[in-house]
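> Sequence:
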Amino acid sequence: MGPDQEKNFLDSIVDSVIAVDKDGKIREVNQTTLKLLGYKRKEEIIELAFEKICNNFSVSSLKDKLPLAEQELIYLNKEGKKISVSVNITNRISYPHDIIFMARDISKIKGLIDELTHSQEELKTSYIELKVSKDDLVRSEKLAYTGRIAVSIAHEIRNPLTNVSMSVQQLKKGNKIKQEGFKHIDIVERNIGRINYLITELLNCARPAKLDLKPYDIHKILKDVLESNKAKINLQKIKVTENFNSNSSILKIDKEQIERAFLNLITNAIEAMPRGGNLTIITELSGKFFLVKIHDTGKGIPEKDIIKIFDLFFSTKSGGVGLGLSICYGIIVSHGGTIEVESKSRKGSTFTVSLPTEQSFTHRERVGGRKNKNAGVN
5 MGPDQEKNFL DSIVDSVIAV DKDGKIREVN QTTLKLLGYK RKEEIIELAF
55 EKICNNFSVS SLKDKLPLAE QELIYLNKEG KKISVSVNIT NRISYPHDII
105 FMARDISKIK GLIDELTHSQ EELKTSYIEL KVSKDDLVRS EKLAYTGRIA
155 VSIAHEIRNP LTNVSMSVQQ LKKGNKIKQE GFKHIDIVER NIGRINYLIT
205 ELLNCARPAK LDLKPYDIHK ILKDVLESNK AKINLQKIKV TENFNSNSSI
255 LKIDKEQIER AFLNLITNAI EAMPRGGNLT IITELSGKFF LVKIHDTGKG
305 IPEKDIIKIF DLFFSTKSGG VGLGLSICYG IIVSHGGTIE VESKSRKGST
355 FTVSLPTEQS FTHRERVGGR KNKNAGVN
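Using the numbering used here, the first residue of the sequence shown is number 5, and each one after it goes up by one.
Some hints could be false.
[To be verified] Below 30 Å or equal to it, Euclidean Cα-Cα: the simulated DSS-like pairs (lysine-lysine) are:
{"hint": "1", "residue 1": "K292", "residue 2": "K236"}
{"hint": "2", "residue 1": "K256", "residue 2": "K241"}
{"hint": "3", "residue 1": "K227", "residue 2": "K114"}
{"hint": "4", "residue 1": "K39", "residue 2": "K26"}
{"hint": "5", "residue 1": "K114", "residue 2": "K128"}
{"hint": "6", "residue 1": "K224", "residue 2": "K177"}
{"hint": "7", "residue 1": "K218", "residue 2": "K241"}
{"hint": "8", "residue 1": "K303", "residue 2": "K234"}
{"hint": "9", "residue 1": "K56", "residue 2": "K46"}
{"hint": "10", "residue 1": "K128", "residue 2": "K243"}
{"hint": "11", "residue 1": "K256", "residue 2": "K303"}
{"hint": "12", "residue 1": "K259", "residue 2": "K308"}
{"hint": "13", "residue 1": "K56", "residue 2": "K44"}
{"hint": "14", "residue 1": "K214", "residue 2": "K259"}
{"hint": "15", "residue 1": "K46", "residue 2": "K236"}
{"hint": "16", "residue 1": "K67", "residue 2": "K128"}
What the hints contain is simulated information worked out from the structure, not anything from laboratory work.
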């Protein structure tokens, strides 16, 4: 095939064709190449170094490697805009020392692939959020139902309990009880107090108190909780690591409620390590949320208990009542936050509390959620 025949043949090809000499300069291009790269005349591109229109590519690197099929390269058009191309590279028939680059624009295909990948990720995220929302809805319904039951139970139990308490007080005022009898009266009074406490906790869990939102330092709350547990931490030889972020830790919260939630979580972590271990507390900012991570090196939580950990009256502790984490859950979500748990057998558990940095909701207007990641609770 002569040079003129080859030229006509190249112009008839629908793909971009660029012929490059042994020095890496462009010797010939077809009309498709001009259109792809935004040039009007061949003279504008002939004699240019191939590296000028092919990003980060050296012709010298092709020695003894030809032919090459479907190489993904980046061309640069006249304005410097990047164009993704799939290129077949081979020797030129008419000039054996030259190299032919036959390219097809794959920008649209790559764009579609990126869109599909992004859509797939969005779909996956939506599925996870839907599953979490479903779990949150079920839990919220259970809490609402428990709240209605709790009110009824509290009324039905407290009335006769008040009568019992008043009767005991009257007995104590009388002179007919022997000294031994006062011991039994004390037992009755302690159990009356215990029942009242459980009823109050149940009501707090099912119907969180109205929040008193004020700016407060989360770091100070965490330090205060650690200080209140200092004796137990030292007794159990637990090493505490505070990795607090340097950004502002002032959030608009109900100080007493949040302090109670963190007290429960940190106490759980301490009790998970009776023979010592490491307690690590990390704080960080993530978008519009302030994260507090409480990690212990305890025994972890069985996977079978994951779904139950925030349920009322469920506890893995000997003698535990099973209200603490339910109350924590109610406090966190009433602040518009979430609580996540990760746990591995014999490696410990990590509770992550996310609290919004901006409170733009009213009490219980927004229902937050809980996400479990192979998790459980101590």
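> Each of the hints needs a verdict: does it hold here or not?
Evaluated hints:
1. Between K292 and K236, the direct Cα distance comes to roughly 35 Å. Violation of the 30 Å bound is thereby established for this hinted pair.
2. Using a Cα cut-off of 30 Å, the hinted pair K256 and K241 is violated, with the two alpha carbons roughly 34 Å apart.
3. Between the alpha carbons of K227 and K114 the distance comes to roughly 52 Å, so the proposed pair goes past 30 Å and is violated.
4. Using a Cα cut-off of 30 Å, the hinted pair K39 and K26 holds, with the two alpha carbons roughly 25 Å apart.
5. The suggested pairing of K114 with K128 holds, with an alpha-carbon distance near 21 Å, which does not exceed 30 Å.
6. Distance hint between K224 and K177 is unfulfilled; the C-alpha atoms sit about 47 Å from each other, more than 30 Å.
7. The hinted pair formed by K218 and K241 fails the criterion: a straight-line CA distance of about 36 Å is larger than 30 Å.
8. Taking the CA atoms of K303 and K234, the gap is near 21 Å; set against the 30 Å cutoff, the hint holds.
9. Distance restraint check for K56 and K46: the Cα-Cα separation of roughly 15 Å lies within the 30 Å cut-off, and the hinted pair is therefore satisfied.
10. Simply put, K128 and K243 have alpha-carbon atoms about 39 Å apart, too far for the 30 Å limit, and the pair is violated.
11. Taking the CA atoms of K256 and K303, the gap is near 35 Å; set against the 30 Å cutoff, the hint is violated.
12. Our distance criterion of 30 Å between C-alpha atoms is broken by K259 and K308, whose separation comes to about 34 Å.
13. At roughly 17 Å between alpha-carbon atoms, K56 and K44 fall within 30 Å of each other, so this suggested pair holds.
14. A hinted pair counts as satisfied when its Cα atoms are at most 30 Å apart, and K214 with K259 qualifies at roughly 12 Å.
15. Only pairs whose Cα atoms come within 30 Å are accepted, and K46 paired with K236 is rejected, the gap being roughly 83 Å.
16. Restraint check for K67 and K128: the C-alpha separation of about 45 Å exceeds 30 Å, so the hint is violated.
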